[in-house]
Every structure is written in C-alpha cells, then in structure tokens.
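Residue numbers (this note's numbering), protein chains in the order written: chain A, 1 to 294; chain B, 1 to 294.
Hints are supplied without guarantee of correctness; some may be wrong.
[As the list claims (entries may be wrong)] Quick list of simulated restraints, FRET-style, between CB atoms:
1. A:Lys4 x B:Arg96: 55 to 65 Å
2. B:Arg133 x A:Asn27: 29 to 39 Å
3. A:Lys45 x B:Ala24: 35 to 45 Å
4. B:Glu270 x A:Gly97: 56 to 66 Å
5. B:Ser168 x A:Ser168: 55 to 65 Å
6. B:Gln20 x A:Asn27: 57 to 67 Å
7. A:Glu9 x B:Asn12: 47 to 57 Å
8. B:Ala24 x A:Lys252: 54 to 64 Å
9. A:Lys98 x B:Glu256: 30 to 40 Å
10. A:Lys60 x B:Lys245: 32 to 42 Å
11. A:Asn244 x B:Glu16: 43 to 53 Å
12. B:Ile254 x A:Asn27: 29 to 39 Å
[Unchecked claim] Listing some non-contacts, in silico: residues in chain B with all C-beta distances to chain A over 10 Å:
13. Met89
14. Glu200
15. Thr250
16. Phe275
17. Ile280
18. Thr290
These are calculated hints, taken from the structure and not from any lab test. Glycine is no exception: its CB is placed at the ideal position from the N, C-alpha and C atoms.
Number of protein chains: 2
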Amino acid sequence: MEFKNWFKEKVNIIDEYLGQVIEAKENPQKKIYEAMNYSLLSGGKRLRPVFFLGAYELFKDDIKEALPFACSMEMIHTYSLIHDDLPAMDNDDYRRGKLSNHKKFGEATAILAGDGLLNKAYEIGLEAAIKLRSINAIKALKTIADSSGTEGMIGGQVIDMDCEVKISSIEELKHMYALKTGAIIKSSVTAGAILAGANEEEIRTLGTYAQKIGLAFQIEDDILDITSTQEKLGKAIGSDAANNKITYLTFKSIDEAKKDIEKFTEEAIESLSIFGDRAIYLIELAKYLTRREK
Amino acid sequence: MEFKNWFKEKVNIIDEYLGQVIEAKENPQKKIYEAMNYSLLSGGKRLRPVFFLGAYELFKDDIKEALPFACSMEMIHTYSLIHDDLPAMDNDDYRRGKLSNHKKFGEATAILAGDGLLNKAYEIGLEAAIKLRSINAIKALKTIADSSGTEGMIGGQVIDMDCEVKISSIEELKHMYALKTGAIIKSSVTAGAILAGANEEEIRTLGTYAQKIGLAFQIEDDILDITSTQEKLGKAIGSDAANNKITYLTFKSIDEAKKDIEKFTEEAIESLSIFGDRAIYLIELAKYLTRREK
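If we strip away everything but chain A, and leave its shape as in the complex, we get (with noise of 0.2 Å):
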C-alpha cells in the first residue's frame, strides 16, 4: 500500500473512533460532552495514534485492539491543547481554525473539558486493558501516563510558562521541547511497541527515532510560526515573536534549523534499520512530517 492510503486508512479508523467514544448524553452535564467533542474533532493530523499505530503495526496485524490506547495519545494532547490555551497560560484565541475551547465555551467548561479528556483517556485504556487482560496493557498505558506527567508533557509546560526559569541555550530549550511535545511522541511510538510485546532493543530503538522526530517536528513548528499565514496554520502567526518566546530560530537561523530538521529526520530513519523493510510507513512518516505546509 502507498504511504499516502495507509496514512488515510490508519486517520479515518482513528477518526472514526474518536467520533463516538465520547457519547453526547441527554443529562444535565451535557455542555461537557459538547466541549469536549467540539476540540477532538476539530480536525488535529491525529500523528499521535498514527505513530502508535505504526509501531503497533511492526510487530501486530489486529490493530482494532490497539485503536483504543492509540486514541487515548490524541485525547491527552487535545487536553493540553485546551489547557495551553487558556488565558493564565498562553492566552490563544485560535486554534485550527476555530475559536478556542475557552472562547467557544467559557473558562470553567475548558478547564473541566480538558480534565475530562484526560481522564476519559485513561477510562478508555483501562477499560481496553482489562478486555485485553495482558501485563503489556498495563506497561503501555504506563509508558503513556509517565510521558504526560510532570517529567514529561505537563513538566514542560511548566518551564515554558515560568518566567523565572530563562532558557539560555539551545540544550535548555531542547530539553524543555523534549518534555513538552517530545515526551508523548516518543510514548506514542513506545507504547505501540510495548503493547504489542517488542523487546527491549525494540523498543530503546523505537524510542531514539521518536526523540529525533519529536524534535524535528517541533523545530518545524517554530519555522512555521515565522514563514506560515494564518490561514494555512489555523492559529494566528508570529505569536512566538509577540510574546518574545525562546523558540530554536532565538539560536539559530532559519537555513541552519532547516539542515537540523534534515538531519535529526535522517538520523531517525536510519535508526529504524533493525527492522529493514517492516519499518517503511514509519520512514515515510518521518518524510512526511518535514515536508508540512510552509
């Protein structure tokens, strides 16, 4: 199968099930529900459980069991989307396109929206685990909860919000992308494996080409903030520069982060040869991933 059907194929399977996981009950919390749904579906590149999804696939065929672990990736990252946006954090008006959850449905309902989604994350991969009734279950949804803990997704987060913590370098600031989106990619792409029973050796090789392209992707992100239009991004533009945010470009310019994107993409790849050809829809992935809309 072409790279380009396969990532359709694994998108709408994960679509399709995020489309009904959370149910739109008639009862007096329904608003909830509303808010909840209006930012998952909100049309995200789902490359969290496509990425756990494609590891899961190295080693397994029945990828329907591992669907809802996978999602559980993308309703982690929704939350700290609608928390990030938040007026005490990063104050965005914007998000793909569309009010934020705050500016759609107040402060009090984002905030319970994304706890929500958080914790509808860990109901559904406990309620996947015990079907499964397997120990791998268990170390999966672990490896997905330490990554989005406070030495992972969350830590970052805290360092990018705290004025008093000045980044002053380009280690500083790549160990803050690491926590703050690297973290979850990386378990997105571990977690895959190790619910699937990867060894080790898999498993660490895994985790090395999700650290370069969680850091590659975020230096993108950067790039994009600069050379984007608002309409293409779907949030506004030079946001970064107007809040005077460290980002990679505070270090360097705009053609040597290009070459450490190509490189870090290429380091990945090249990581993945232990699995020969098994690994192609994780190669192109990583291609993928660097040639985003400029």
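Position chain B relative to chain A; hints supplied.
Leaving out everything else, chain B in the frame of chain A:
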C-alpha cells in the same frame, strides 16, 4: 483496636506515603512539585484513602499493597479542589486555612498542578498494578477513573458551575451531589473492595453504604457552611449564600437536614450487616463523619 487509634494509624500511613510520592526534584520544572505538594500536604482529612483502606481490610490485611491505590484517590480529590478554587470556577482565596493554590502560585501553575496530580494518580496506580499483576488492580483503577470523569466528579462540577442548569428540586440536587462528591467517595469504598477481591454482592452492598455516607457528608458540608466559623472550617463561611448557591438547605430546614443526616447514616450502617463484626471500623467511620466540628 479503638476506632480513634485505627483511624489515626491509617492517616499516618497515608500521610507518610503522600509525603514522599511527589519527589521535589532539582530540575527546571521544580515549581510544579512545590505547588502539587502544597495542596496535597495541607492537612486534608484523608477520608477517601481511609475509606479505601477500610473497605480493603474487610477482605485482606496487607494494606501496603493497597496504599498507592488509596492515595491516588486523595490526589484526584486534591486536584479537583485546586481546579474548583480557580477564579473561573468558585474563585476561592482560601482552602484549609491557607491561600488556595492559585493565590499562592498563580493561575497557570495551579492549573498545571491540578493536571499533574490527576495524571500522577494514574502513574502511581498503574505502577502498582504492574507490580501486582492482578486483574483486580486494573478493575479497581477503572472504577476510580469512571467515578472521577464526566459521569462522576467532573460531571457534577459541570452541573454545579453551569448557570443554565437550574436545580429546582431536592432530587436534582441529590443527583448533582451524587456525581460531584458522592462518586469518588463511593469508588473509594468499592475500588478498595474490588482490589481485595470482594464478590459482586459485597461490592454492591459497600456501594450502597458509601452512597448514603456520601450524601450525609455533603449535607453536613452545607450545614457547616452556615453554622461553622472560618477558623474551624479553614475557608470562608457563608460562601454558598453569598454565591446564591442551591444547597440542601434551600429545600430543608437545618433541623430537617440534621435528621436526614442521621437517617442516611443509619441506613448506611444497616447495609453493612452482611459483614457482621468485621465492619466495625466502617461503621465507626460513618458515625465519625456526622460528628464533625459544628
């Protein structure tokens, strides 16, 4: 052992565990550990983990195994208090006699500290489940997760916050209470029993006990908001009236409410009869809750 000593012993074990669960690492995001510990270690009554251990002990003695699960309940409870206190929610400046989390650390950190505590609850629960390798551990975690989500605690907070949802009867109020505070009190008890391997009838019976106790506890809270002092309660009194909140006392007099507390407590205790003398501490716990500081 006398109930008082039993209770104190449990609280000590819980406090010891909670005191070390969030390690204040020397890293760039260390502020988050301080903020999480500030609320987690601010003298809560530890009722939810005590309920958990009390139910667990009906069936098994090795409460060390149960401790991470019991304490995950306290972390979920604490995160909910941090988020409920936020300006966009109840806008409370004090909690347990201290500044609320956002007054002390700022809103962004308070939101992230809440997120961090919720996530950490699952991190420690999953870690313990991996060690135990028991399906009951996963089922207990799933019970905890369900009670914390949009069909439980979060759902209750949504109803409580949503001005468009008009609570116009005592039944509607009871439904909101059953979600907002009742659900995780119930799951503290039932998840403790599930982890210990209780059968379905035992779990159902304990669920009834916890539901009645949860309601009595909430009515007591409504009374205390009127009759207590700020010093004793550790937070502003009269806030329900000031915020025009619908409470149990909107529908009943204080005397009627006190009688209902007694009635629900008695019913809760009666439901434990199948356990005979084994349930002595859960019975005493029910009585203890209705004897709180007026």
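Cross-check of the supplied hints:
no.: 1; hint: A:Lys4 x B:Arg96: 55 to 65 Å; result: holds (56 Å)
no.: 2; hint: B:Arg133 x A:Asn27: 29 to 39 Å; result: holds (37 Å)
no.: 3; hint: A:Lys45 x B:Ala24: 35 to 45 Å; result: holds (37 Å)
no.: 4; hint: B:Glu270 x A:Gly97: 56 to 66 Å; result: holds (58 Å)
no.: 5; hint: B:Ser168 x A:Ser168: 55 to 65 Å; result: holds (58 Å)
no.: 6; hint: B:Gln20 x A:Asn27: 57 to 67 Å; result: violated (40 Å)
no.: 7; hint: A:Glu9 x B:Asn12: 47 to 57 Å; result: holds (56 Å)
no.: 8; hint: B:Ala24 x A:Lys252: 54 to 64 Å; result: violated (34 Å)
no.: 9; hint: A:Lys98 x B:Glu256: 30 to 40 Å; result: violated (49 Å)
no.: 10; hint: A:Lys60 x B:Lys245: 32 to 42 Å; result: violated (52 Å)
no.: 11; hint: A:Asn244 x B:Glu16: 43 to 53 Å; result: holds (44 Å)
no.: 12; hint: B:Ile254 x A:Asn27: 29 to 39 Å; result: holds (31 Å)
no.: 13; hint: Met89; result: violated (5 Å)
no.: 14; hint: Glu200; result: holds (15 Å)
no.: 15; hint: Thr250; result: holds (17 Å)
no.: 16; hint: Phe275; result: holds (26 Å)
no.: 17; hint: Ile280; result: holds (32 Å)
no.: 18; hint: Thr290; result: holds (28 Å)
Violation of the numbered hints given earlier is confined to hints 6, 8, 9, 10 and 13; the remaining hints are satisfied by the structure.
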